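Colleague: Residue numbers (our numbering), protein chains in the order written: chain A, 27 to 816; chain B, 77 to 325.
In case anyone wonders, no lab produced these hints; they're calculated from the structure.
None of these values were measured; they are calculated from a predicted model.
Yeah, the Cβ is synthetic: ideal placement off N, Cα and C, and Gly gets one too.
Restraint-style ranges between C-beta atoms, simulated for each label pair:
(1) B:P157 with A:K28: 54 to 64 Å
(2) A:L314 with B:Y131: 41 to 51 Å
(3) B:D208 with A:K28: 52 to 62 Å
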Amino acid sequence: MKLDRRAFVKLIAGGVGGTLLSPLPWKLADDTAIWTQNWFWRPSPERGGASTVNTVCQLCPGGCGISVRLINDRNAVNIDGNPTHPVNQGGICPLGAAGLQFLYGPSRIETPLQQTGKRGDLKTFKPISWDEALQILASQLQKMRQQTTGLVCVSGKSEGTVPELFSRFLQAYGSPNYLTMPAAADAQALGSLVSQGTSSPIGYDLENAKMVMSFGCSYIEGWTAPSRMMAAFGGWRSQTNRSRTRTVQVEARGSLSASKADEWVAVVPGTEAALALGLAQVIVSEGLYDRSFIGQHTHGFEEFRSLLRRDYTPEKVAGITQVDKSKIVALARDFARTKPAVALHGLGQGRMPGSVYDFLAVQSLNALVGSLHQAGGMSRKPQLPLAPWPEVVLDATSLRGKSAPRVDGAGGSQFPLSTQVFYNFVNKAKEGRVQPGVMLWVYEANPVHNLADAQSFTAALEKMETVVSFSSFMDETTQLADLVLPGPTYLERLEDVPTPPGLQYRVFGLSNPVLNPRFETRHPGDVLIQLAKSLGGSVAASFPWSDYEAALRERVKGLANVPSGRVADEPGIEPWNVGLGQNLEPNYGSFDELWEKLTEYGCWFDTSEPMPSWDSAFKTPTGKFEFFCQKMRQVGIEGSIVTYLPHYAPVEPAGDTNTYPLVLVPYESMAITNGPVANPPFMTKLLFDFQLKGNDSFVEINPETAGRAGLREGDRVELQTERGTVKVRVHLTQAARPGVVFIPTGLGHTAFDSFIKGKGVNANEILVVRQEQITGLATWWDTRVKISKI
Amino acid sequence: MSGNKANGIRYGMVIDVDKCTGCMACSVACQQENNVSFREDETNKLRSITWLEVYSLDNGKSYPEHRQAYLPRPCLHCDTPPYPPCTFVCPVNATQRDEETGLVNHIPVRCIGCRYCISACSYHARYFNWWDPKWPKPMEEMLTPDVSTRMRGVVEKCTMCVHRLQLAKEKAFIEGRRELHEGEYVPACVEACPAKAMTFGNLFDSHSEVAKLAKSPHAFRLLERLGTEPKVYYLSTQDWIRKLSDNVI
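Make a model of the complete structure from these sequences and hints.
Modeller: Here it is in structure tokens:
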């Protein structure tokens, strides 16, 4: 056959047309797409059988129940909220949802480490065996004990058996220097002690409140137990009747907590407590207070009334807070007439102690409307009926240690009320005023990054003879340690999670290991028991358990011995609807059954402890709620009558207004964690590009303030305070109060891995910490600042 | 809406913006559930992949009348008749609407990366892989086998965790059921929400919570006037939020 030109063209055209009409090109395009995606560098997740293990999150004290999904019982691939857990009701916060990024984080510490070179040099950390590490530590402790030099422990956790073991170890060893990271709970404990005679943590019956007035609390952005608060908020917003719960946010910044509230009361930052007193004055002068409570169960009301009349009239309070006089009056009436109404204390997420008087002011508002120890009001967090451990065995050294003055001066003549004065320790150590040869232990805390005025802590650390870190991660503090005894992460260890902060009913969470420890880590509880054993003598006698689990089981036996309480084994449990004081039929017969169910579901709860009655609630000298706090006078705090009453006692911001014309206020949000762990990549990804852009973080300022300083959106600026200087960019927003610069906390890590470090600046480096005179409690809410364009 | 309303299934979602506390747990849970990749620097938002993106809204007023709100936006799984804008333009059938469920799927291995669908989507709900996803070494262990990882050059988006629907169906089948109970299949975001602001279910089932909420006088959808018929509804009593929902650039 002869192929002429015409036939050839026909053949080609026909071929092309035919191919195009056939599915071939589409099939080829599809196949090419598939083939070109099968590359070896594309990770293929391991396949296998899935299982779920319930446990409790420990990334914050919020105590949420979580369910972890595992593949082949080995790879944890997902964390969900556990719907049977009463605290979070199946919900979860972003940090909890990102928890696996900690378990599998590149900055995990794999073995014990000893610093063989200069502190802070990661290259000279030498991996050592556990035996070696414990031997080094034990021999050093043994030597120190003979010379009675100090051991100081900083714990990021305040409740639970592991912090108890730490404090127990210090007692048995002979050191009074057990410190927890500063928190609003410090002020609340002192305030409750002087006004109610007990220093129990606060519990709020929020689910039953009809009006919630938050004095600067980021109540849906991480305050107390975050998921509980968000669940409660969702509950309030689900009410459709006319008497639905209303929220009022008193805050300087137009945060989400403010925007989502029914009413936002914008105040001068740091004057939240003054507004509380302003409301108290209106309630008292208009006779709107709870007469039966005030009349029969309070002491010093008259003194308080005249102080209010003198110093906190709406006019004066309007002057301090810049809130309209009429608004103060209206808010006060609303608060007094809505029953039950509750006022919340603890600025931001409650990480700052603040003044004890701020707490007393907010508490007095609750007292006036009869919301103390009442349904829908403010009460105490009930204690868990855990069985006690045997008494600590004391020898001559530990007895001496018990009566020795604390390194921070707490309980001494300067701060007779305080149980700890964190910054006194920091400042004394920084200035070299502590004895030489101090050994510092850091557990579940990262003060080198997280503590306001972070550099001071770093300077204090330099003065320590030895620094021991129990962290699972190479964080800023651990980088500076001499000895690292890495603990397993919360997903790899057994630990109790006691009632989360702010709750009104008892919760005992049990965090179960969901998988075997991935590295050569050891539980801090076990480490302490082993250490005690190798020290021998009374220290060993104080730790009679074979391991941590034995110690924990001993305490948990107490739960099985009370006639009420249940393991949360079905979804939809709402203990606040059961009513406090109601017994719950236990769904276990013995301790063994309880333990088994606890490891299966992770949570025991109980509503049997009622709120204390007004007749028996107050352990003060008068047996009443004391507006006039006699305890303060008893311990020798001197001053005018005002000293003993709730009042507004601002600690003036440092720096003069000419050099530093603006005010710097830190803000906390759910998007950036402030705990001992750093922000996981999943969360950092979600930051808006007006919060973090490249490696620059942004501060919020009002366009008006920016205009005066000649600043435009995104400009790079230098923030200077008396403490230091940082470079940031500005984001102009009407959420910012004019004259105030709002800086996010939690950024600016210099440790961890490449997904975390170097992002933004650490606000703690420029915050100026001031201490309250009588308690030593720290305040850093408002710092004077200068902003200049660079 | 297309499909057989009498006994059909149209999965949809209602997000109560007033209840939303802006914590972004939904978005984190989504990333975890769907093996969404992350990079060291995610601040270029045109290149960042977040199947469920959270938008920041404000009422434009001055301090202290200023209010802000966060608005979570998954893929809205448009019920546009006869095709959603994105599937209509796909040259390789990598994305289609499953008419049995109303879910708009996307099969990354079929995708040739032409990005027509990205331009067609009115809601920026689709994302392109500009780089090969990489997980730092130990983090590969946390990848779930339920969702395959993607690679450079393909588009990806929210699937309403359709793999969860498969699992739920298999479970029902084993138990001898043909129909799923309400709440048996919910996406990871809905499950995670700590404020219970998100509701998911069959919009065609008039007894379902989601169908009731979607009929609320406070319900609205994003860019409703485009006629894309999104199956994700929002609720808010705030006028300024509702107004912003129809804000065409």
